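Sequences are here, hints too, so could you generate the full structure?
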Amino acid sequence: MQLNRISHRKKILVMFLGLTLAFVLLFVRLIYLTVWRSEYYTEQATRLHERERNIKAARGRILDRNGAVLADNKTVCTISVIYNQIEDPERVIKVLSEELELSEESVRRKVEKYSSMERIKSNVEKAVGDRIREYDLPGVKVDEDYKRYYPYGELASKVLGFTGGDNQGILGLEVTYDEQLQGEDGVILTVTDAAGVEVERMGERRIEPVAGNDLRISLDRNIQSYATQLAYQAMETKEAEGVSILVMNPQNGEIYAMVNVPEFDLNDPFALPEGTEDSLDSKEQQDLLNNIWRNGCINDTYEPGSTFKIITAAAGLESGVVTPSSTFSCPGYIIVDDRKIRCHKIAGHGSEDFVHATMNSCNPVFITVGLRLGVERYYEYFEEFGLKKKTGVDLPGEAGTIMHKMEDMGNVELATVSFGQSFQITPIQLLTTASSIINGGNRITPHFGIESIDSEQNVVETYTYPITQGIVSEETSATMRGMLEMVVKEGGGKNGQVEGYRIGGKTATSQTLPRGTGRYIASFIGFAPAEDPQVIALAIVTNPQGVYYGGQVSAPIVRQLFENILPYLGIEEDVQ
Amino acid sequence: MAKTLAARIKTYRREREKTEYFFDYSLLFIVLFLLGFGLVMIYSASSYTAFQDSGDSAQFMKKQLLAIIIGLVAMVVVSLIDYHFWQKFYWIGYAVAAASIPVVLTPLGIASHGARRWFKIPGIGLQVQPAEIAKVCMILFLAVMVCKIGKGVGTFRGFVVMMGAPLPIALMIWKITNNMSSALIVMAISFLMVFVASPRYKEFILMGLAGVALAAGVVWYAVYSAGQGTFRLKRIVAWLNPESQAQDTGFQTLQGLYAIGSGGIWGKGLGQSMQKLKFLPESQNDMIFSIICEELGLFGAIAVMAMFIMLIWRMMIIANNAEDLFGAMLVVGVIGHIAVQAILNIAVVTNTIPNTGISLPFISYGGSSVMFLLIEIGLVFSVSRRIQLKDM
Numbered sequence: 002m003q004l005n006r007i008s009h010r011k012k013i014l015v016m017f018l019g020l021t022l023a024f025v026l027l028f029v030r031l032i033y034l035t036v037w038r039s040e041y042y043t044e045q046a047t048r049l050h051e052r053e054r055n056i057k058a059a060r061g062r063i064l065d066r067n068g069a070v071l072a073d074n075k076t077v078c079t080i081s082v083i084y085n086q087i088e089d090p091e092r093v094i095k096v097l098s099e100e101l102e103l104s105e106e107s108v109r110r111k112v113e114k115y116s117s118m119e120r121i122k123s124n125v126e127k128a129v130g131d132r133i134r135e136y137d138l139p140g141v142k143v144d145e146d147y148k149r150y151y152p153y154g155e156l157a158s159k160v161l162g163f164t165g166g167d168n169q170g171i172l173g174l175e176v177t178y179d180e181q182l183q184g185e186d187g188v189i190l191t192v193t194d195a196a197g198v199e200v201e202r203m204g205e206r207r208i209e210p211v212a213g214n215d216l217r218i219s220l221d222r223n224i225q226s227y228a229t230q231l232a233y234q235a236m237e238t239k240e241a242e243g244v245s246i247l248v249m250n251p252q253n254g255e256i257y258a259m260v261n262v263p264e265f266d267l268n269d270p271f272a273l274p275e276g277t278e279d280s281l282d283s284k285e286q287q288d289l290l291n292n293i294w295r296n297g298c299i300n301d302t303y304e305p306g307s308t309f310k311i312i313t314a315a316a317g318l319e320s321g322v323v324t325p326s327s328t329f330s331c332p333g334y335i336i337v338d339d340r341k342i343r344c345h346k347i348a349g350h351g352s353e354d355f356v357h358a359t360m361n362s363c364n365p366v367f368i369t370v371g372l373r374l375g376v377e378r379y380y381e382y383f384e385e386f387g388l389k390k391k392t393g394v395d396l397p398g399e400a401g402t403i404m405h406k407m408e409d410m411g412n413v414e415l416a417t418v419s420f421g422q423s424f425q426i427t428p429i430q431l432l433t434t435a436s437s438i439i440n441g442g443n444r445i446t447p448h449f450g451i452e453s454i455d456s457e458q459n460v461v462e463t464y465t466y467p468i469t470q471g472i473v474s475e476e477t478s479a480t481m482r483g484m485l486e487m488v489v490k491e492g493g494g495k496n497g498q499v500e501g502y503r504i505g506g507k508t509a510t511s512q513t514l515p516r517g518t519g520r521y522i523a524s525f526i527g528f529a530p531a532e533d534p535q536v537i538a539l540a541i542v543t544n545p546q547g548v549y550y551g552g553q554v555s556a557p558i559v560r561q562l563f564e565n566i567l568p569y570l571g572i573e574e575d576v577q
Numbered sequence: 130m131a132k133t134l135a136a137r138i139k140t141y142r143r144e145r146e147k148t149e150y151f152f153d154y155s156l157l158f159i160v161l162f163l164l165g166f167g168l169v170m171i172y173s174a175s176s177y178t179a180f181q182d183s184g185d186s187a188q189f190m191k192k193q194l195l196a197i198i199i200g201l202v203a204m205v206v207v208s209l210i211d212y213h214f215w216q217k218f219y220w221i222g223y224a225v226a227a228a229s230i231p232v233v234l235t236p237l238g239i240a241s242h243g244a245r246r247w248f249k250i251p252g253i254g255l256q257v258q259p260a261e262i263a264k265v266c267m268i269l270f271l272a273v274m275v276c277k278i279g280k281g282v283g284t285f286r287g288f289v290v291m292m293g294a295p296l297p298i299a300l301m302i303w304k305i306t307n308n309m310s311s312a313l314i315v316m317a318i319s320f321l322m323v324f325v326a327s328p329r330y331k332e333f334i335l336m337g338l339a340g341v342a343l344a345a346g347v348v349w350y351a352v353y354s355a356g357q358g359t360f361r362l363k364r365i366v367a368w369l370n371p372e373s374q375a376q377d378t379g380f381q382t383l384q385g386l387y388a389i390g391s392g393g394i395w396g397k398g399l400g401q402s403m404q405k406l407k408f409l410p411e412s413q414n415d416m417i418f419s420i421i422c423e424e425l426g427l428f429g430a431i432a433v434m435a436m437f438i439m440l441i442w443r444m445m446i447i448a449n450n451a452e453d454l455f456g457a458m459l460v461v462g463v464i465g466h467i468a469v470q471a472i473l474n475i476a477v478v479t480n481t482i483p484n485t486g487i488s489l490p491f492i493s494y495g496g497s498s499v500m501f502l503l504i505e506i507g508l509v510f511s512v513s514r515r516i517q518l519k520d521m
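Each protein sequence line maps, in turn, to chains A and B. When you line the first sequence up against the working numbering, it's residues 2 to 577, in that order. When you line the second sequence up against the working numbering, it's residues 130 to 521, in that order.
Incorrect hints may have been included.
[Said to hold, decoys possible] SDA-like, lysine to any residue: derived pairs with alpha carbons at most 20 Å apart:
1) B:407 x A:192
2) B:407 x A:84
3) B:397 x A:206
4) B:397 x A:48
5) B:192 x B:240
6) A:11 x B:334
7) B:280 x A:7
8) B:397 x A:33
9) B:407 x A:47
10) A:11 x B:276
11) A:11 x B:329
12) A:11 x B:453
13) B:397 x A:32
14) B:407 x A:85
15) B:407 x A:49
16) A:391 x A:470
17) B:407 x A:44
18) A:11 x B:452
19) A:111 x A:134
20) B:407 x A:51
21) A:11 x B:320
22) B:397 x A:192
23) B:397 x A:51
24) B:397 x A:44
25) B:397 x A:43
26) B:331 x A:10
27) B:397 x A:47
28) B:280 x A:10
29) B:331 x A:8
30) B:407 x A:87
31) A:11 x B:280
32) B:277 x A:8
33) A:11 x B:283
34) B:397 x A:39
No lab work stands behind these hints, which were simulated from the structure alone. Since we're looking at a predicted model, the values are computed, not measured.
Okay, here's the thing in structure tokens:
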């Protein structure tokens, strides 16, 4: 037995060592798991334990050129339910459907859906959210976030545009500068147990949202506001379909105002006009809304009519086929090929020089200038002036020019184009081209965006826009300014005169297509001061009733506008 | 048998007066430490779930405490009885083990966690796992057998008898209670006891290699059949790549690994486990070691493993100094039981081996397990009490 005993002791020791070795190996395995794999498993576990809720980033504001806030954010609430935490589903359904004015079925569907979190409604007024919070219903979450808010309601509605529920630009500048305005959403991470019940002691982890950058635009709230008043006034007195007013700095393309009445309420963009039939289906409703949201200055084209004579005159002067002192004779019509084209003055203007022909807006003279240039050269100038391209304005949906193909253009087409008919451009295009001709020959890019500013008031980005220099010579430009000043001083644009200021301008009265329906577009383009233009404005009245001449309908609008904004812009009166 | 228990105790006291006997306080301390630590960890791991389910966050801890008290009383009683007393009951023990297993199939049986592994003792309502009875009975049976066969243990025939005797019991545990891990533990205990009793080495090394080869074959088969077979084959696939079975058989393993990994070196602090919040099934039971790792980190784990090593070291001392071969073999059996179970449990939790339900001795929640373990410790104390200090 004694011998055996030693053998047993040895075996017991071997067993002990073997078992200890097993423990040591497991220990090594544990070191691997807790040291090398720790990061991976911690991440996996954290992902498992946390439930995400987004925190909307505050969208950047839109400021006018003087810093007035045009688009802001206000606090609203998002109401959601967490299935696992709901204790009394019937009460939750009842309270939420009543407070949120939703149908009981739709709330029930969401409450009874088995999901970690279901959103019931977003963009709920803060007061309603606070009220729901006071019910203290388990499983109902009230999260605050931001909603876009436009302090001036209708002001510049078609320029600013609006956003959707998910902080996404839908129209206007909100679309163009969406990326800069959006910011980055934050996240609230709530620690929960496997059943989704919040673990109190762990609290919440927040990844703070990054607010979007503010956007400063060239629009001037006061000018826009006054222009809007004038536009509404004209629309009412002339019983017009719509009135558009564009005000711009012709030197650099900064747009001070862009009005298209009727405007719409940015805080309720989906409201259908009163008296809309209920029977509209969703597509018809959407079409109606799209019409309401259209920015006529940019999205729509029209036949510019006589205001386009600025371009024909500039091309004629630039090429030398005409000088201000060239003389013409207008018998009241002109024969082009087999076509007899009438002047608006049936008796004819008789003998006149080119300056007076411009003041008189004499069609035969401008047709003559166009024909002297010929199709090819005219077309070249048309392209050189930038009329075939879009202006590049920083608003979405700019319409292109509708123009004859050069090879399809005969003398008759050339004649009509020369006085602004048979082709279509956008109002912004007309204004931009006219600006470029009178500002010394620099094709500017019309725009709103000036700079983007972060929350600490640092300029993040200053926007620059291309300028094409020398589309006409300095000399031609000066001649044009002088001739257009004469138009207002003594010619058809008399109603655009502003006391104490030298104003240049051109009127237009164009019949809409199809002809003969009695629908007209009355417009006036005016700039001041005439010798060194600092501001240019275009007023377009669509389908005015009664008197429809641009000189009588639109020129007074620009006059009233200038009377107010020229002193406001610090443009000094001319003592002469 | 004629002597009553009281008379026996009297005899011991008389003997004790004559010579100094050994009492292993270290062993007692280690066992009590493990039990106390287990209670703390059961409370930590189960309180959240327990509170939600029954409103009493200490529900599991209280039940365990009761089982521990009963177990400690049983341990003291067993330690006071001369272990030779049990020698003659070895066949009865075998019969009890064999008879208790089918009881789970009777109306007394209790199904839980998808298997019938427990039965209720009528009247007192105590739940017992017959596999636990079988482990104690097998230790006794084999210790007696070793003494009876004597030198024959070293022969092939002796080996066959020794390994063959527990086989029917192990098969019954596996097949009737659907508990492969307990069956494996019974066989492992037998293997270790035979290994100690036999003077040979070579054969055991060969057997060990054969076992490894068999395991490798099963793994290969499981992968080859792409986990299409039984749930055990699926578990092997889940073992190799728990992420691939994350929603299925790999779920528990993966959740355990999240706990261990996220605990890191220092742990999250006692009570700070996230995985116990219903993410990790059986967090107070088989998977309690992963909660220990999550809350107390690598250092908590090393402390627990060190305690187990110390426990088997103390028992090794007792086995080496036991009065006779029978006492030594009893202690070896207990060492085998506790060590194999602890090793397998930690191996499962760390995904070192495929998932199988094994509890961590003294720490995991489970009344019948801790009671029978304490009875075994009582046997060890009984053996230790016979050691005269001059022998050491």
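field: Pair hint residue 397 of chain B and residue 44 of chain A, alpha-carbon separation not exceeding 20 Å
entry: holds (14 Å)
Proposed proximity, residue 240 of chain B with residue 192 of chain B (alpha carbon, max 20 Å): Judged against 20 Å, a Cα distance of about 19 Å means the pair holds.
message: Checking one constraint from the list: CA of residue 11 of chain A to CA of residue 329 of chain B, max 20 Å. Satisfied?
response: holds (11 Å)
- request: Below or equal to 20 Å on CA atoms is what counts here, so check residue 407 of chain B against residue 44 of chain A.
  value: Within the cut-off at roughly 18 Å; holds.
- prompt: Do the alpha carbons of residue 331 of chain B and residue 10 of chain A lie within 20 Å of each other, as the hint requires?
  reply: holds (18 Å)
query: If you draw a straight line from the CA of residue 397 of chain B to the CA of residue 33 of chain A, is it 20 Å or shorter?
result: holds (18 Å)
message: Does residue 134 of chain A sit within 20 Å of residue 111 of chain A, going by the straight-line distance between their CA atoms?
response: Distance of about 18 Å is within 20 Å: holds.
query: residue 280 of chain B and residue 10 of chain A: Cα distance at most 20 Å?
result: The hint holds at about 16 Å.
message: Between the alpha carbons of residue 397 of chain B and residue 47 of chain A, is the straight-line distance 20 Å or under?
response: holds (13 Å)
- prompt: Under the criterion that the straight-line Cα-Cα distance not exceed 20 Å, is the pair residue 407 of chain B, residue 87 of chain A satisfied?
  reply: The hint holds at about 18 Å.
message: So if I understand the rule, the pair passes when the alpha-carbon distance is 20 Å or less; does residue 397 of chain B with residue 192 of chain A pass?
response: holds (15 Å)
query: Given the hint that residue 407 of chain B pairs with residue 49 of chain A, does the C-alpha gap stay at or below 20 Å?
result: holds (12 Å)
When held up to the earlier numbered hints, the structure conflicts with none and fits them all.
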